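Colleague: Respectively, the protein sequence lines represent chains A and B.
Add 3 to the 1-based position in the first sequence for the numbering used here, that's all there is to it.
Add 4 to the 1-based position in the second sequence for the numbering used here, that's all there is to it.
Some clues are possibly wrong.
[Claimed, not checked] Far from chain A, some chain B residues (derived; all Cβ distances over 10 Å):
1. TYR92
2. TYR113
3. GLN125
4. ALA138
[Stated by the list, open to error] Once the Cα atoms are required to be at most 35 Å apart in a straight line, the calculated DSBU-like pairs of lysine-lysine come out as:
5. A/LYS666 to B/LYS30
6. B/LYS25 to A/LYS494
7. B/LYS29 to A/LYS272
8. A/LYS48 to A/LYS82
9. A/LYS491 to B/LYS25
10. B/LYS25 to A/LYS535
11. A/LYS239 to A/LYS131
12. A/LYS535 to B/LYS111
Honestly, the hints are just simulated from the structure, not real lab data.
Keep in mind the model is a prediction, meaning the values are calculated, not measured.
Every residue gets a Cβ at the ideal spot worked out from N, C-alpha and C, and that includes glycine.
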Amino acid sequence: MAMVDKELNFINYSSIWFEELGIQKGDIRGKSFFEVVPNTPRIFKNILKNCLKQTDVTKIEQQHTLPNGSSQWYKWRVKPCKDREGNVAGLIISSENITRLKRTKELLETTENVARIGGWELDLLTNKIQWSDITKEIHEVPLSYVPSIDTAMQFYKEGEHREKIRKLIENAIEKGESWDTELQIVTASGKDLWVRAKGVPELINGKIVRLFGVFQDIDTIKRAELENEIIVERLKIATAAANVGIWEYHLWDNTQSWDDRMYALYGVKKESFTKSFEAWLSCIHPDDKEKVLLEIDMALRGEKEFKTKFRVVLPSGDIRHIKAIATLQEDKAGNRIKMIGTNWDITELINTQLKLDKSQESLKGSFESSAVGMSLVGVDGSWLDVNESLCKSLGYTREEMMQLTFQDITHPDDLDEDLEYLQALLDGKSDSYQLEKRYFHKKGHIVYIILTVTAVKDISGNVSHFISQILDITSRIEATKKSNELLKVSKSQNESLTNFAHIVSHNLRSHSSNLSMLINYLMEEEDEEERKELESMILDASESLNETVQHLNEVVSIKTDIQDQLQDLNLLEGIRSVVKNISGLLKDRKVQCKIDINEDEKIKAVPAYLDSILLNLFTNSIKYCSPDKPPIINITAKKTGDMVTLEFTDNGLGIDLDRHGDKIFGMYKTFHKHKDAKGIGLFITKNQIEAMNGKIQVRSKVNEGTTFIISFLSANTTIK
Amino acid sequence: MMTFNHSCIIDDDPISVFGMKRSMKKVNFSKTIEVYHNGQEAIDGITAMVAAGQKIPSVIFLDLNMPIMDGWEFLENFTKIPNTNTDYVTIFIVSSSVNPRDIIRAKEYSIVNNYILKPIQPKDLLKVLSEIKAQ
Numbered sequence: 004m005a006m007v008d009k010e011l012n013f014i015n016y017s018s019i020w021f022e023e024l025g026i027q028k029g030d031i032r033g034k035s036f037f038e039v040v041p042n043t044p045r046i047f048k049n050i051l052k053n054c055l056k057q058t059d060v061t062k063i064e065q066q067h068t069l070p071n072g073s074s075q076w077y078k079w080r081v082k083p084c085k086d087r088e089g090n091v092a093g094l095i096i097s098s099e100n101i102t103r104l105k106r107t108k109e110l111l112e113t114t115e116n117v118a119r120i121g122g123w124e125l126d127l128l129t130n131k132i133q134w135s136d137i138t139k140e141i142h143e144v145p146l147s148y149v150p151s152i153d154t155a156m157q158f159y160k161e162g163e164h165r166e167k168i169r170k171l172i173e174n175a176i177e178k179g180e181s182w183d184t185e186l187q188i189v190t191a192s193g194k195d196l197w198v199r200a201k202g203v204p205e206l207i208n209g210k211i212v213r214l215f216g217v218f219q220d221i222d223t224i225k226r227a228e229l230e231n232e233i234i235v236e237r238l239k240i241a242t243a244a245a246n247v248g249i250w251e252y253h254l255w256d257n258t259q260s261w262d263d264r265m266y267a268l269y270g271v272k273k274e275s276f277t278k279s280f281e282a283w284l285s286c287i288h289p290d291d292k293e294k295v296l297l298e299i300d301m302a303l304r305g306e307k308e309f310k311t312k313f314r315v316v317l318p319s320g321d322i323r324h325i326k327a328i329a330t331l332q333e334d335k336a337g338n339r340i341k342m343i344g345t346n347w348d349i350t351e352l353i354n355t356q357l358k359l360d361k362s363q364e365s366l367k368g369s370f371e372s373s374a375v376g377m378s379l380v381g382v383d384g385s386w387l388d389v390n391e392s393l394c395k396s397l398g399y400t401r402e403e404m405m406q407l408t409f410q411d412i413t414h415p416d417d418l419d420e421d422l423e424y425l426q427a428l429l430d431g432k433s434d435s436y437q438l439e440k441r442y443f444h445k446k447g448h449i450v451y452i453i454l455t456v457t458a459v460k461d462i463s464g465n466v467s468h469f470i471s472q473i474l475d476i477t478s479r480i481e482a483t484k485k486s487n488e489l490l491k492v493s494k495s496q497n498e499s500l501t502n503f504a505h506i507v508s509h510n511l512r513s514h515s516s517n518l519s520m521l522i523n524y525l526m527e528e529e530d531e532e533e534r535k536e537l538e539s540m541i542l543d544a545s546e547s548l549n550e551t552v553q554h555l556n557e558v559v560s561i562k563t564d565i566q567d568q569l570q571d572l573n574l575l576e577g578i579r580s581v582v583k584n585i586s587g588l589l590k591d592r593k594v595q596c597k598i599d600i601n602e603d604e605k606i607k608a609v610p611a612y613l614d615s616i617l618l619n620l621f622t623n624s625i626k627y628c629s630p631d632k633p634p635i636i637n638i639t640a641k642k643t644g645d646m647v648t649l650e651f652t653d654n655g656l657g658i659d660l661d662r663h664g665d666k667i668f669g670m671y672k673t674f675h676k677h678k679d680a681k682g683i684g685l686f687i688t689k690n691q692i693e694a695m696n697g698k699i700q701v702r703s704k705v706n707e708g709t710t711f712i713i714s715f716l717s718a719n720t721t722i723k
Numbered sequence: 005m006m007t008f009n010h011s012c013i014i015d016d017d018p019i020s021v022f023g024m025k026r027s028m029k030k031v032n033f034s035k036t037i038e039v040y041h042n043g044q045e046a047i048d049g050i051t052a053m054v055a056a057g058q059k060i061p062s063v064i065f066l067d068l069n070m071p072i073m074d075g076w077e078f079l080e081n082f083t084k085i086p087n088t089n090t091d092y093v094t095i096f097i098v099s100s101s102v103n104p105r106d107i108i109r110a111k112e113y114s115i116v117n118n119y120i121l122k123p124i125q126p127k128d129l130l131k132v133l134s135e136i137k138a139q
């Protein structure tokens, strides 16, 4: 404190003055204020001078720069003092260092600005409302804006927000309750904004006179919070839906905290669970305990992430499969404080997996042991796997098969069709196909199969591989072929039988009609010469009838079922024996026989049939020999496969095969004008050969000769 | 009673030919009767007649079962003989075959007038005469 005169020279002063203002101690009486207090702003001189004219106390807050360069705030109280006459004699000046206070306020204001906290007050006596600049800024109104109670309320968002603030203010006025809440306002520019509104009532003599409080823009935080809430809610729903339990293991006190789902997962009641680590461990299946403990230890040592599967035994005794993942949490100092993680129920998954394994196993089993050939084929046509049956059908070992593709063993004529179907599978146009096709056996022969191919698709719907089932129908096809052949044989036999019946009928009728006709003539003929002639004709006719009946007997005696009478005969010996029997005839006609047959050649034949066949061939050659050249007969034989082929060639008249080819072996077909031609020999020959599973063909040129080609079953051939 | 100038028998069975001729003579069927023993002979004979400008037989009795060339082959070849006025000729098949297949087959030839079962009798010939007369 100091006193100055009207000229602002010091009259008196306290010692604290020096310290306060940092002035060099010494007698300052009579010295000018501005001389003593340096760095006083110019404006201060005017103020002080002005004070001399005032009666009241003037308070000034002023910043000074001290001699040491630091800046200080002072609060000056200047009061004029009067002499006895009542005239102003000087000023009493007191100063107070308010730097700290001022700094605190500055800090607060800065904070307010940064945190966007505004202030407000409501004088209930005048009903006037005051907003700080920040409050105005939050409302997005100009600083010159003057709010009223009504307009202030209008800023709150219509509905629950406005309703709530109204109630809170009412409560504050009536009951003196303060509030602190979060509400939404709509700013002057129409923006929705979350604010924190805080209000405190002021009581004077038990009466509320004023409400004041702060107003903070918390929009960003609030929105983030709301967003977070939604996420949390979503997470909650997700974990609930996924049946995921969340647990924490507090390492320091060895306890665990579980969420509700954990209790449900372990079938444990929340009230009875002691929340200790041991309590948790006791739920785990005895066989899995050791593993889980080890995993936890490893996780705690940081050797391995905690990610495991174990079984828990529910109080009901049921077993549940749990998958667990956890991470370690550390405090700021890097100490491990807890493990936090999830548990979820994978029982169904495990069971499904088990079922899948089982069905895979059974598939593998049926794949291997199936009597049907099976293979897994890649989209490139290579085998992924083949089963035993398939290998067996085709004569390869599994190793050999795996080296091949299905294209390698498919009959070339069947490949395109198969590939076409396969492409349709690849294109997704069909799921499976079936076709009959041919494979080649390792030994080269054809294997007939029915192939069924099914496409297997991966999760994304693309063909991953094919399952092929290969049914070997070779034996069936062979049987069909054989039965077709049998059908053909029986059909031709049936035909020849019908034919035979007609021939028999024709021949018998022609003779009988001749006989009846001749007898009729004989009865009416009176001329003795004529009668004699008729009688001789009747004799001829009856002889012809007899001959015909003999032929028919011969034909009928050819049995087709003579398999058990077949013997292994030496072909050369058979021929020699016939030649010997007709040696007289051969000699008489000067026939030259050339026989070129292996001495060991043996055939399967009925001796009587072979005799009859050879005899017929010889007599035919002699009967139809050329009148211009000496007859020559060439006989050769060679073995091909299961058959021995005999070629019997003459140089006789020959037969016009273009005309008679289809009838040469027919019954009663004659082609030459020869007195002995009956048209029965070759018919019988053919039937005898066929009865012995053989075949006869003919090659001939008119006037050059005829070759009969006869195939017999070779000896030692097993008859099918 | 009408009588043909030329008729012809194609048959390899001598007894059958004898019977036919005898019946024909009885009904005075034709002035001349030509006999061939198989289809080939008949074709050769008729071809020679045509070549010589002679009239060919207007009625032919044809057997089916014959050596060298049977009745069917004869039918095929007969129409191929050049310069033959086949419209003028009537062919009767005379056979002992009762096989329906043969009878049906015979009907397929327009030149064949009828199928007569052996033994041929005078009443069959009379019927033939009246049929041709009606035409």
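Colleague: Confirm or reject each hint.
Modeller: Going down the list of hints, with the structure as the test:
At roughly 28 Å from the closest C-beta of chain A, the C-beta of B/TYR92 stays outside 10 Å, upholding its exclusion from the interface. Every Cβ of chain A is farther than 10 Å from the Cβ of B/TYR113; the closest lies at roughly 19 Å, confirming the non-interface assignment. Non-interface status of B/GLN125 relative to chain A is broken: a Cβ of that chain comes within 10 Å, the nearest being about 8 Å off. Residue-level check passed: B/ALA138 sits 28 Å from the nearest beta carbon of chain A, beyond 10 Å.
Between A/LYS666 and B/LYS30, the direct Cα distance comes to roughly 38 Å. Violation of the 35 Å bound is thereby established for this hinted pair. The suggested pairing of B/LYS25 with A/LYS494 is violated, with an alpha-carbon distance near 42 Å, which exceeds 35 Å. Simply put, B/LYS29 and A/LYS272 have alpha-carbon atoms about 134 Å apart, too far for the 35 Å limit, and the pair is violated. This hinted pair checks out: A/LYS48 and A/LYS82 have alpha carbons roughly 15 Å apart, not beyond 35 Å.
Note on A/LYS491 and B/LYS25: the hinted pairing is violated, with a Cα-Cα distance of about 46 Å set against a maximum of 35 Å. Among the hinted pairs, B/LYS25 with A/LYS535 is consistent with the structure: their alpha-carbon atoms are about 18 Å apart, no more than 35 Å. Among the hinted pairs, A/LYS239 with A/LYS131 is inconsistent with the structure: their alpha-carbon atoms are about 48 Å apart, more than 35 Å. A C-alpha spacing of about 40 Å is found between A/LYS535 and B/LYS111, which places the hinted pair above 35 Å, so the restraint is violated.
Hints 3, 5, 6, 7, 9, 11 and 12, counting from the list given before, are not met by this structure.
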